[in-house]
Structures are given as structure tokens and as C-alpha cells.
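Chain residues, written in single-letter form:
There are 4 protein chains.
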Amino acid sequence: MNTFGKLFRVTTFGESHGKLIGVVVDGCPAGMEIDEKLIQEDLNRRRPGQNDISTPRKEKDILQIMSGVVNGVSTGAPICMIIENKDKDSSKYDGVKVTPRPSHADFPALMKYGNWVDLRGSGRFSGRNTAAFVMAGGLAKQLLKKENVKIGAYTKAIYDVNDDQDHTLEEILAFAEKNKVRTINAQIADKMIDAISKAKENEDSVGGIITCIAEGLPAGIGEPMFESIESRISSAMFSIPAVKGIEFGIGFKAITMYGSEHNDPYVIEDNKVKTETNNAGGIIGGISTGMPVKFSVIVKPTASIGKEQDTVDLSEMKDTKMKIEGRHDPCIVPRAIPVVEAMTSIVLLDLMLQAGKIPRVL
Amino acid sequence: MNTFGKLFRVTTFGESHGKLIGVVVDGCPAGMEIDEKLIQEDLNRRRPGQNDISTPRKEKDILQIMSGVVNGVSTGAPICMIIENKDKDSSKYDGVKVTPRPSHADFPALMKYGNWVDLRGSGRFSGRNTAAFVMAGGLAKQLLKKENVKIGAYTKAIYDVNDDQDHTLEEILAFAEKNKVRTINAQIADKMIDAISKAKENEDSVGGIITCIAEGLPAGIGEPMFESIESRISSAMFSIPAVKGIEFGIGFKAITMYGSEHNDPYVIEDNKVKTETNNAGGIIGGISTGMPVKFSVIVKPTASIGKEQDTVDLSEMKDTKMKIEGRHDPCIVPRAIPVVEAMTSIVLLDLMLQAGKIPRVL
Amino acid sequence: MNTFGKLFRVTTFGESHGKLIGVVVDGCPAGMEIDEKLIQEDLNRRRPGQNDISTPRKEKDILQIMSGVVNGVSTGAPICMIIENKDKDSSKYDGVKVTPRPSHADFPALMKYGNWVDLRGSGRFSGRNTAAFVMAGGLAKQLLKKENVKIGAYTKAIYDVNDDQDHTLEEILAFAEKNKVRTINAQIADKMIDAISKAKENEDSVGGIITCIAEGLPAGIGEPMFESIESRISSAMFSIPAVKGIEFGIGFKAITMYGSEHNDPYVIEDNKVKTETNNAGGIIGGISTGMPVKFSVIVKPTASIGKEQDTVDLSEMKDTKMKIEGRHDPCIVPRAIPVVEAMTSIVLLDLMLQAGKIPRVL
Amino acid sequence: MNTFGKLFRVTTFGESHGKLIGVVVDGCPAGMEIDEKLIQEDLNRRRPGQNDISTPRKEKDILQIMSGVVNGVSTGAPICMIIENKDKDSSKYDGVKVTPRPSHADFPALMKYGNWVDLRGSGRFSGRNTAAFVMAGGLAKQLLKKENVKIGAYTKAIYDVNDDQDHTLEEILAFAEKNKVRTINAQIADKMIDAISKAKENEDSVGGIITCIAEGLPAGIGEPMFESIESRISSAMFSIPAVKGIEFGIGFKAITMYGSEHNDPYVIEDNKVKTETNNAGGIIGGISTGMPVKFSVIVKPTASIGKEQDTVDLSEMKDTKMKIEGRHDPCIVPRAIPVVEAMTSIVLLDLMLQAGKIPRVL
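Protein chains in written order, with numbering that gives the first Met the number 0: chain A, 0 to 361; chain B, 0 to 361; chain C, 0 to 361; chain D, 0 to 361.
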């Protein structure tokens, strides 16, 4: 339920307006020097209040490692990491159990957990819980880097602003942090910011597309059938609130291609087997080909909007209207970038361990 | 690896050109009257050689139940089901370990399993293994039906022929079996058949989109985080060879909608909570809303084509050309329909059991 | 690795001389009123320094609930519970990586984790980690009680003092807390205390036997084969440091009985099916019979003793001698009682949930 | 439920009087030359009807490999193995759902699965299902042998005949197959056979103790806490019907030893770390020390006896008497020896894989 992974296992806990957000990572190899600063950087990329196009909630999200690390090195014991919740304002959530917010988890969560469910700040369903993914993924990312597997994500589209060009991981790492929306091209960034600002002005919200690339994954990683790389990555991505779709490689465009166009021909380059194109996104038969792993996820427009909306009054079982007053992001895409990278890191590291490619003691 | 599910657990085995394709279902409630005919019908919808737009391989795919069922009723013990492989012709697969077929699992599988991997008829990577899903899913489907959860899938697109209309489950169940491509509209069916035939003539292949709908799932099913309905369904879908993308609800179109357009407003209808639209595809926060669960998957064009292709000779590490001679489908979409239904059934039944909604003894 | 259970899942973290000992419980039904005082009582029964026959380490072990509970009621979200480590003295553990303590985990842990392993206060291998079991088990115990399943354990033997009489759960609950060693009979308690005191005087240690009884478990609980009640309970018991054996029902005495003596004949009592004897310990075929579940575990003498011992110097690979100076218990049996109860509770609750006998929302 | 293991995963199916007994092994490394003869030998050691002190049921138990192996070499795909049931006589089992056999699973199984449960020949609860363990364990045993890990078990006690001497694995492998009861010492064997024969004459049954030794396991194998070697082995042992207890190393005798006697002092021998004694049975802190892993299991007297027994009539809820007429073993211990070896092999191989000590491709 709240545990993910097989050998590198991640268990999350905490709520948006509870004491903390936490994660236990079990199975991290012993002897790994942990750079807390790098994890903190990813937490900073994710945290609220970083600029004028994100939620005004102010949280420092300072990483605290509670176990499993001595003198900055992993001991092989489970690593517990937390951030505290400081800037909580639950006053706006009293009513959501009676008048559920459209396209929020309020109603299905009530159906599942009864009235006991904690919906303050959306509780367990808040995007805030993805900070746990970022902490765990931060470990995985560092370890993968030592194995020359590098991962980066960027904003490919926001509303009707779409960057149609293909980009490399190198470009992502060079440019995506240079603008507020974490896209590659500065001009496109401006248009995206405009789109978000316009939505914000209208008390509305927009979504977008995030593209993620992992380079350096050796060929032969991944398990067939139910533990294909695609199964594991998609499973991880849909644990991120607001993600509603995923495509690998050329994705939906595959539909209008012939097999002869879509197939990736093998070629020898520098005495290595590569493919001329990479329509498969680096994965065939659920297993890595050695080419970059590439996929995109759809992020829906933020459900929280300031506009008045139709909903129901569950106490009287009648239609009504509501206005959401909590703090929220007009577009969650830029803050979801480090989350996508984190979950991808967790999946790929776990599969590397499963393939016996990384020792249990470094 | 080859096991899926938590309480309703499916373990598959077998190879395309081995003795059989098999599955063990563990956790099927005791006391279920099993209609073998219904499972056989789904096997027939999936089996090769059913018509002129599918592979010429001739297999009857007769269901054999080997354990767990006495007098047609489940006993609570694991249910093993198999079909035999009869029409095997492995003569065409000798070379694939040296000159791997583009966009087939040959190369990554060699990287993973070494030269020991069985690639006759694509071995474990063949779509033939999805017959195991259909057998296990057949059980799940029947059990869900007793709980009034009904599932159906249809072909939404083949190559450039796209059925843009929305359809209900009722329409799917009424019309999708009336044409060879399993689509709703007869005129569109003809165009799709033309597209496939044209690809076939050119020794080429095409892909498409399958849309699946599940109705009757009560609100409150699904686990948050890593076992969201979307995580589980996507994980299941990507275990089907050739699936390269998935979108829930309105999917990729969400990108160009404002939150105020995308949000599904709640309404009271017949004293029940419904949503006016269903852009979420029946799932919010990973949990069912009570509205129909709806998603679409992308199926890439069949990798096996008759046309000459570029590839490499691994024994000499040089570029070469190849022609694939084995039997294959010019478009796998119509045969994948019952597979999508089966995997969806497995996921939803498992989540129903996990939610305690179905007793362990019927 | 550090996670246990299927639907009621327990993940532990922390080290003896780290910041804290913690546990995350995932799958606790929503709507459970949690009595923190009862959990604290069990922590108190387990905590060090409670009397003169336990280790002098002073820890208050105050329960802190960090997530998953609002206003004293479980929300369905994962419940994180911790106690802090206050009275740490790691000065005595510097040498154990060079001269490993006999029958402590020092040497095998070094072989497994390399020099990175945290052995301060025995780190992850310390009995202190069982506080996490007590916290998680405290939840399970309370929930089982609501279902009329009650669990109690007592000290059956310490060194050569053995209580040969059979006892009921009622007796355990009435008498076991009335003496320092948690045994039933006051005279036997005195002899046990003498045995421990004598060992303590000699800078030595003793072990013993703990017997545990669970009443009220309905017939038909437990899964066959690999998830038999015995498999699950034994697996749980051997996660408690120092446990080296387990027997169910009449246990080792079964060897010298004929089948006709050992078999438990069924009888009707008050229109219910019971067995005249309960040599099976309430479990046949891995499934509960409705009779009390009964088993005993062997606890070895504490490995930490003050006496000089032979060991090796790993830096020079030569024989040497050592004296252990850390704080320790001359007999761990009395403090292990609440731990045995806790792990039993976790197993039985999980199996009750798996059998669908407890709703997911209370 | 019917699946065991983490990376080397074993799923069993079949019933005593069904078509077959089968197992799927998932995760066997690719490239392993499989000696079917060795697996068949272990099946022969387990099979019924091997001599006058075992059940008269006649089964050849011929191993059939159905998948995952090509030309005698594992491909990395799941390996399905079966034996057929030939000599079935279900006529004697009609009544057991009304008058359950004492100390058989009949009653608890009815409570769990309702009247649907298959109790012909005890169905899923029959010792016959352990043939599946022997097939899967046969693979594991062979693979471990390549890694110089060797496993053997012998009969330590039958009824009141107890071999008090310690034995080495060498002795087990040399002598245990030289007599019908699989014990080391020929004189003791005769006494054991007498004890069994006497029980048989009296239409009664006896139990015993099996001791198992594994040599060659490197130090540092095993996971702490819930996946300790003891947790995994005990969990495996209690999946064998009739096992009611287990002790590691010196076991129950530990109770009457002081810590100073029980602790195993380290010594350097041939520049390797060993322990002078091995009271711990090769496992400390759940992890291997490099010394032989040693444990003993209690096997209860066979529940099936010819003598008249008290039981109940469930249809009328009144006391009654019964005589069991099916075929059965007066003592199951000798036939359980290969089963204990098999389950031990499965556990140790899985832990070796988990520790990354065996490559995924040989």
C-alpha cells in the first residue's frame, strides 16, 4: 500500500497537515557516502513557495536523517528521513467532508476510509507527500550516478505551449533549472509562465507534460512480464497525484506509423550495439536496450481552483456550490519535475539491484 | 517477476514454442461455479488464426484446468490452467540470436539471459503468453460479474482510422464482437480492416488504440500511493507486449483544458453521488469514484514485418540486413482486446478483495 | 527485510544508539480508537532499567505517534510511532569491530555490511529494536481485543527452574505481572529470580522458555502451505533476538507419543466443536481449530556477559581474550514477554484481515 | 499463500487426488545445467510405497519439466515441473466432511473453505504436496552445490529411539541412505524400524526428529529482523505438514546453560575465523557465521491411524466414533527427510541470491 520496491524498498508516511512527511528506505547498500546537500537541493526544487507561480505555503522542508546513516555513510540499516510541517493552516478544510471538492480525493477517500479520513490540506492525498519520494529518490539518484546512470526531467508542455523539439539529457541538465517552469528553451519558458499566470489571474489552473530521460542504464536490465521497466515506471508515476497518462518512447505517435517506420534498426557504433532511432524509449520486451530510457507523463490541471464550482452537500444529499479557499498551485508541473526524477531513480536502482548489477556493500 | 497481484495472485509460465502456456491462480475464493465455456470464448477471441487479418499459426487453445476445481467449483486451492502448443515451427528462429530482429526482445533478452534464452517463436516474450492472462482474467471477470462489475474493451483506433466518438460499455458489449477488428461502428471497422490489409500487402504492420471501460465498481476501491488503481492497471497493461502508453479518463486532452473545465463536478442523481463529466476516468486519488473506470492503451505496430530491415550481426559485430520469416499479425490490436479485459479484471478483482468487498468463500 | 506482514504491514527502523527506534504500521483499519496508555504499558513492561534484574540502561521509552492518527483515532493512513534514545553510552563499543563479542551479531554483521555496520549498543541487532514490535503489536493487540481475541505470555522456565504445570490465559492475565520474572506461580518466581541473581553475581547470564496463548481466534483462520499460522508465528518469533527454538502445542513431547495419544479427539460442547485435548496448539494444517493457539519459544542466555571470553583479533587474525563492558541483562526472558505478545498480535491480526474477518473501516 | 521466496520464487499447486502435483520456480538463474536424475532421486526418496514401513499407495512420481528448460539448461524463464497422480482411491474420503478425522486438517479446512474444500486424500493438506517442494528444492540443491553449499538431513529420533550423538554432514551423506529410516547408525536404525513396525501392528503411528545440516554457506548471508535465516527456515519448515517444532543449534538445551557455556568463542583456524563450539547452529543475529547451519524439527506422529477414534458428526452436531480407512504411513519421518533438505535448499539459495552472491546468468 505505502511501500514500493523489491530490494530498494520505500515506505512513506505523514500527512499534509500532520507533524511531518517521512520515508523509510530499506535495502540501501552499506558504505554509500550520502550527500545530504544534493537531496536538499531536490527538496528545494519541489518545495512550495519557491516563486510566484507556486503555492504561497511557506515550508523550508529541511531534510532530517533519523536512522541508518553514521558519519554521512549508509550502514545497511533502514534509513528514515523526514521533513516537518511548519506552515499549516487547516481552517479551510473543515467543510470538505460535507461538500467534497471536485476532482480531489475527498469523496472517494470518504467512501474508502469513512469519516475518519484526514483531509486537512488533503492529508495523505496531498502532493506534499511526494516530498517523501524526493528524499528516497535522492538516495537512489546518487547511487545510480556512481554507476553512471543519470536522470533528468523537464517540462515539455504547459497548457497550449508545447516544446515539440527532442532534447537530450545533456540539455535538460544544462537548461531546465534556468527558468521557473523547468523547460529547456527560454522563449518557451516565458510563454509557459504566461499561460500559468493567466490561469492564476482567472483563479483557474493548467496542466502539462513532463518528459524524463535516463541515460547510462546498461542493456539487459528489467524483468519480463509483470516487472517490466514500463510496468514499474508507470506504477511509480501514477503514485504521483495529478498524473493521468504515460507514454514511452515515441508514444502515442506510434499509432500513425507503420512497423517499418516505428522499428528501431540496430547499428554498430564504436563496436557497440545501438539503435538508429529510439522510438521504443530504450525498452523492448520490458528490458533495457542500452539506449536512453525516455517517457512522458501527463499532469492534469490542478484540481484546486479559486473559481466557484458545482458540487454536492453530502449531509443533505443535494446539489450545491463551493469555492476552494486553501493555498494551491496554479500549475503543479514545475514542482513535479524532481518528483518524476525521484520515482524514476527508485525504480531503476531497484531493477539494477534485482539484476545483481550493484553490490550490497559499496 | 512472473507473479502479479496481492490476494488474487497470478503466476504465469510457458513459452511460445514450448509444451504449453500456463497459469496458476492463487486466492480465488472457494465456492465459485466456473463457466469454462466463457473462459474458452475469451481464449477464442485471443487465439491466432481466427481470420485473414491475424497470424496464420493454427492453435485451438483448448482450456485445461489442472487443479483447484472439483465438479466445476473452485475449492480455494490454487487453480492451474493450461493450453498446449500444437502448431510450432521453430525453424525460422535459428538466426535471431546472431541477427536480432529490430524492436523485438531478442537483443535485450540476450543481454539479460545470455545465450541460454529461449527465443523460438519469441519464447517468453511472445504475445502468445497473454493466453495465460486471458485464462486467469477469465476467472476474475466471472467473479466480478457476480458482483455487478462488468468490463469491456474495443478498438478505438487503427493507424489513421480513429473513432472519435465516446462509447458506453453497453455499446461495446453489443457491437465490438460484430466485426473482425472489434470496434463499435461498422463503417469504421471496414476502414480499419482496409488499413490492416494494406499494411499486410506491403509486408508491413500497424498499431492502434484500445479503450477499456469497467462499470459497477463501487466508490472507495483502490489503495492510495503505490497501489492506486492507475498504478495497478498501468502496471498490468505494460505487461502486455506492444503496449507503449496509457491514459486514464480524458487523458492527453487534459493538457489543453483549464482546471475549471477538467474538474468533474459532483451532482446528486437518484440520491446517489455522481459526476457530471468523467474526465478522471472514474479514479481520483487512486481510488474509484463510482463512475465508470475508463482508460486507453497505445499498441505499437507489430515488430515482426516481412520487409527487409537493417540490423547487426552480433557474431561479427557488423551491420547487416535481415528479413523476418516467422508467422505474424499485421496488427495485433483486435487480438489484444480480450487481453486488456483480462488484465483489467485481475486488477479490479484483486483490489475488491483487498478492500474486503468479496468474501473468501462464496 | 525490515517489513513484516501482508495487509497489516509493519516496517521498523532505528538503532540502539541512534536517535530513535521507530515503526510504520500500514494497513491499520480506519476508525480505531487508539488507547496510547495501553501501548505505553507494554513499552514499560519491555523497557530497560525496570528493576534490579534488568539492564541498568535508563530509558523512559515514551511513545510518540507521528502520523496516521487524528484525535486518537486511526485515519487509515500509515501510523508512524517512535521512542527516542536518551541514555546512550557508545564508549564501550569501539572495539567490537576488531574483537567481535562471542555469540553477538558483531562478526556476521561485519561479514554482511562491511565495516560500515553500526554496532554501537549492537545497533540494529540490539534487543532494543523490539520496542518497535511492541508499538506495532500494541495496535494489533487492541484491535484483536475488540474482536475478542486475547493474547498473553508468561515465563515458563528460567535456567533449571521450570514450571511444568499447564496454565490458562486467564491465569496468565491474572498473575504474570505480579512478579519481576512474569511467571504464574509466586514460589517459582522466587526461584527464577534467584537463578538470575546468581548468574548476575557470577557475571554470567541465563535463558529460559516463554509460553504464549491466544484465545478467541475463530476456527478457519490461517493460510495453507507457506502462510500457515505456524509459519507466520515462527517467522515472527525468530525476528526477536535470542529466540532459538519454538514448539507448538505439546511440542517436543509429541515425539514419545503414539498417534492415538497425540491426536486431539473432537467433541461437541455447548453445540460447538471442540477438541478434548489440545496437543496441536490450536492449529492443524496451518489453520486455526478454534481452540487456544499455544506455543513456546526458547530464549538463549544473554550473549553479553561480564566474564572474560575467548575471541579473535580481526586486525591481526589471531586469538585473543575480551571482557564485555556495556550494560546488559543477566536474563532477557522477562522483558521479552511483551515482545512475544506483540509479534503474536501482529501475525494474528494480519491473518484475520487476510481472512476478511475484520472490516477495513471500523 | 502458495508462493514462497523472494528472488527464487516457488509457487505450488495440485492436490493428493487431483490430476497432478506441480510447482513453478521463478527466478532460477539462466544457464544452469539441470540434472533431472538428481531431482528424480529425491522424488524417489520421498515417494510413497518405497518399502514396508511407508504407505502402500503406489506412485512412480516421474518428474516432468513443462517449461523454462531447453536442452537440459535453464533459460531464465519460469520452470514448471509436475508429477502425475496415478494411484488414486478417493472412496475412503466421502465421510470426512461430516466426521472429521482427529488432528487432520478436515475440520479447520471446512471452517475456512466451506463445503467446497477438496479433502480427497486430504487434498491440498496431504503430505503428497511436498513433492512440489522436492522438485523445486532439487533445482536449488544443485545450484547450491555448484557454490559448494551442501545440505543433508537424517532421522535423529523415532518415538523413544534417540540418536544422542552429534553427526557431521559427511556422515549424513555417507550413511543416511543405507537404511530405511534414513538414520546414521545401523543399530539405531534397526531399533527405529522396530518402533515403527510395532506402531504399525497396533494400527497406530509414531513421530520423530529430523536434523538438517548445511555446510559451505559463507558468513554474512541472511537478512536481519523479519528475514533472518531462522525466520525463513522455520517458515519453510512449518509449511511441511506434521512439523510442530524447530530448534537451531543446541536448541532447547540452551535453557540449562549459562551464557559462558552457550556462547561460541571465536578462534582463528587456517587463517579463518571459526567458532570453537557451534551452539548457535551457524546463525547469529539472523546472519550466517560461516559455521554449519544446523537445526532439528519435530515431526508429530501421523494423524492417520487405523484405531477407532472419537470424533463428531457435524451434520447432527453430536459425538461419534470413526475408523480411518485410507492408506497411510505409520511414521512419516523417513519420507520427510528429502522434503526438509528441499525446503532448506530453497531458503538458502534465495538468501544467497538476495545477498548478490550468485549471478543471474551462470
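If you are wondering where the hints come from, they were derived from the structure by calculation, not from laboratory data. Check the hints yourself; a few may be wrong.
As the list makes no split between identical chains, a pair holds if one copy fits it or if it spans any two.
[Stated by the list, open to error] In the EDC-like style, the derived pairs of lysine to aspartate or glutamate whose C-alpha atoms are separated by at most 16 Å in a straight line are:
id : residue 1 : residue 2
1  : K190      : E170
2  : K57       : E146
3  : K306      : D88
4  : K59       : D163
5  : K5        : E202
6  : K271      : D312
7  : K271      : D318
8  : K317      : E275
9  : K5        : E275
10 : K273      : E35
11 : K317      : D269
12 : K273      : E315
13 : K87       : D60
14 : K252      : D159
15 : K199      : D60
16 : K85       : E324
17 : K273      : D312
18 : K59       : E214
19 : K5        : D51
20 : K273      : D318
Which numbered hints fail: 1, 2, 3, 4, 5, 9, 10, 15, 16, 18 and 19
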